[in-house]
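K.L.:
Let the sequences and hints guide you as you build the complete structure.
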Amino acid sequence: MSFSFQYDAAVWTQVVLNRWERPFSARDRLLVEFLQPHLAQVHKNAVLLSDSHQRTESLTGAFASIHQGLVVLDSKGQALWMTKSSLQWLSLYFVEPVGEQRLPERLYRWVQTQRTRNQKPPQSLPEPLAITHAHARLIIRFFEDTRGRQFLLLKEEKMGVCPSAFVRLGLTPREGEVLYWICQGKNNPEIATVEGISLRTVHKDVEHILAKLKVESRAAAMVTALQTLDES
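Counting in this note's numbering, the sequence shown runs from 1393 upward without gaps.
No wet-lab data here; the hints were simulated from the structure. Computed from a predicted model, the values in this text were never measured in an experiment. Even glycine gets a Cβ: it sits at the ideal position worked out from N, Cα and C. It is possible that part of the hints are untrue.
As the list claims (entries may be wrong) - Calculated pairs, DSBU-like style, for lysine-lysine (alpha carbon to alpha carbon, straight line, at most 35 Å):
| hint | residue 1 | residue 2 |
| --- | --- | --- |
| 1 | K1604 | K1578 |
| 2 | K1578 | K1606 |
| 3 | K1547 | K1578 |
| 4 | K1578 | K1596 |
| 5 | K1596 | K1606 |
| 6 | K1547 | K1468 |
| 7 | K1476 | K1578 |
| 8 | K1547 | K1476 |
Said to hold, decoys possible - Pairwise CB distance ranges (calculated):
| hint | residue 1 | residue 2 | range |
| --- | --- | --- | --- |
| 9 | L1545 | E1425 | 46 to 56 Å |
| 10 | S1609 | H1525 | 17 to 27 Å |
| 11 | A1603 | A1557 | 12 to 22 Å |
| 12 | F1543 | A1612 | 35 to 45 Å |
| 13 | K1476 | L1618 | 19 to 29 Å |
P.N.:
Printed below as a string of structure tokens:
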């Protein structure tokens, strides 16, 4: 026994049923005929769900590539869906619990304020919400498109550390500048060029920095320095 249904103008699905013990009865055929439109709808829903997952993965990848996050809001101003980076940032920058469909309370209240303002004639561009943590800050902007759908756009901005801040670690001003450039990912020749000093001097400064911070590598010096500044 077989039946078919059409998904769209170009695609048909054929279903074939078979059994060895006895032939299908008239009742069996009537039951399949009754179920056929429901099976067709189940198949269509499965295809649409698969397409939706693919689009979601594509959208998530697109925002990750530009180092931004997206939160889609429902009609009540709560999270309907968010990218993985958004969930990570919200968990890091807010002390309140965060879920895939749950905004931190502080952010939820801010969203409600923005939704209320959007119902009035705009006086000026809305100010974003900025949350600072360690040496970075999270910038959150509220948007509404022409169809009334509302979103949050998130972007993390790294905040630079002033070289003079490293003097608090017991370093000389120049050693502080060298450590600053280490934290920026520059190698010794690049630091020598930027600072206008010899490569030998940079080597000596790096040795002194490692000794004063009691670490054995440049990476460890960077981590130790940033952690110490975070705690101060």
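K.L.:
Mind listing which of the numbered hints don't hold for this structure, in increasing order?
P.N.:
none
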